[in-house]
Structures are given as C-alpha cells and as structure tokens.
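Let the hints inform the model, and build the full structure from the sequences given.
Residue numbers (mature numbering (1 follows the signal peptide of the UniProt record, and there is no 0)): -21 to -1, 1 to 159.
Hints may be right or wrong, so weigh each one.
Label pairs and their in silico Cβ distance ranges [claimed, not checked]:
{"hint": "1", "residue 1": "Glu86", "residue 2": "Ile51", "range": "13 to 23 Å"}
{"hint": "2", "residue 1": "Asn62", "residue 2": "Phe145", "range": "14 to 24 Å"}
{"hint": "3", "residue 1": "Gly149", "residue 2": "Glu116", "range": "27 to 37 Å"}
{"hint": "4", "residue 1": "Leu(-13)", "residue 2": "Asn151", "range": "51 to 61 Å"}
{"hint": "5", "residue 1": "Glu86", "residue 2": "Val57", "range": "43 to 53 Å"}
{"hint": "6", "residue 1": "Thr114", "residue 2": "Phe145", "range": "30 to 40 Å"}
With a straight-line Cα cutoff of 20 Å, these simulated SDA-like cross-link-like pairs (lysine to any residue) come out [claimed, not checked]:
{"hint": "7", "residue 1": "Lys88", "residue 2": "Asp48"}
{"hint": "8", "residue 1": "Lys88", "residue 2": "Ser158"}
{"hint": "9", "residue 1": "Lys88", "residue 2": "Met123"}
{"hint": "10", "residue 1": "Lys88", "residue 2": "Gly149"}
{"hint": "11", "residue 1": "Lys88", "residue 2": "Ala138"}
{"hint": "12", "residue 1": "Lys88", "residue 2": "Tyr112"}
{"hint": "13", "residue 1": "Lys88", "residue 2": "Asn130"}
{"hint": "14", "residue 1": "Lys88", "residue 2": "Ile59"}
{"hint": "15", "residue 1": "Lys88", "residue 2": "Ser69"}
{"hint": "16", "residue 1": "Lys88", "residue 2": "Ile115"}
{"hint": "17", "residue 1": "Lys88", "residue 2": "Asn119"}
{"hint": "18", "residue 1": "Lys88", "residue 2": "Gly135"}
{"hint": "19", "residue 1": "Lys(-20)", "residue 2": "Phe(-10)"}
{"hint": "20", "residue 1": "Lys88", "residue 2": "Ser71"}
{"hint": "21", "residue 1": "Lys88", "residue 2": "Asn62"}
{"hint": "22", "residue 1": "Lys88", "residue 2": "Thr108"}
{"hint": "23", "residue 1": "Lys88", "residue 2": "Gln66"}
{"hint": "24", "residue 1": "Lys88", "residue 2": "Phe(-10)"}
Since the hints were derived computationally from the structure, they do not count as laboratory data. We put the beta carbon where it would ideally sit given N, CA and C, even for glycine.
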Amino acid sequence: MKNLYIKCLVFFLVWSLMSFSQEKKEIDNQKTQEVSDIYSYREQVTNFLQISQIENASNRNQNTNLQNDRNIAVIRQVGIANNALTQTISNSSDIQYTQIGIRNTIESKNNIPNITERVMQTGIGNSLTNFSYGTIETSNLNVMQTGSNLNFEKFGSNAQTNGMSFRMLGNNQTLIVRSY
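See below:
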C-alpha cells in the first residue's frame, strides 16, 4: 500500500511538472526583432561594398572634372527607404550622393554657377539639408555621416565655408552651418 501511494504521488508530481513546462506565454518581441533586423542588415552591407563605392566615386570624379560646363548627378542607394532630392541651377555641377542604410534623406537646393557636392550617409535615419546661394562663383560641399540619427543643415555659401569638409560620427547629433 505504501509503495502504491508513493507511485501515485510520483505520477501526479511528474504529470503536474509536464503541464507547467508546456505552458505557452505570449511575449512582445517587436523591439527585439527590430534590433535583430538592423544587425542582420548591417552584416549584409560589407566594408568591401562601401570602399568599392567610394573608390568608384573618386574615379568618376577624376574623369568628370576634365569636362567643364556639364551637370552631373550620381545617386547611389543601398538599403531601404533612402531619399535624395537635388534641385540645381548652375552652369556646371558635379553631385554625388551615396546612401547605405535605412531611412537616410538628402535635400539640396543650389543656385550658384559651379557646384560640387559629395555626400556619403551610412547608417539609419541620417538627414542632410543644404540650401546654397550667394554671390560666390563656386560652391563645394563634402559631408560624411556614419551613425544613426545624424542631422546636417547648411544654409548659404560664402568664401569661409566653401572648402570645408564635414564628418559626423556617432548617434543623435546635429550640425548647423549658417553661411550668409
């Protein structure tokens, strides 16, 4: 009798533990999934691809600088939901945009006789706004953004800010340049 009692007790104990181990819980994995998607995406875009695109842009720049009075815009986008808008009134322009990542935006409006722009955005949610106007003959803009939620704004052009290059690294930063 005692042996039967122990067997029944062990049976119910094992049965109850099995039912607890099979209990299903609903867990919200939305944020975990978003982070996982971002890291998965970053692994897909290799350093080789980025370096290759920069080298191609440099080679193309050397070839196009030999030809004056041409308007050229090259936009390279790798990723999801990248946007680039350029509106240029000029005699000669050489515009090259490279966007690698997710939700990067470029908006550039120019009204200067000679324009050269080089913009490279790598990351998530980066933004560049450029309005170039003024009395100068040539405007140059070189910006590299690497990170997330980097904002660059430039309004106007003058001799002091004309040859400057800007490099933004990190997350959640804003750089505003006023050139009147």
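Checklist entry - Of the hints given before, which are not true for this structure? => result Hints 5, 6, 10, 14 and 24 not satisfied by this model.
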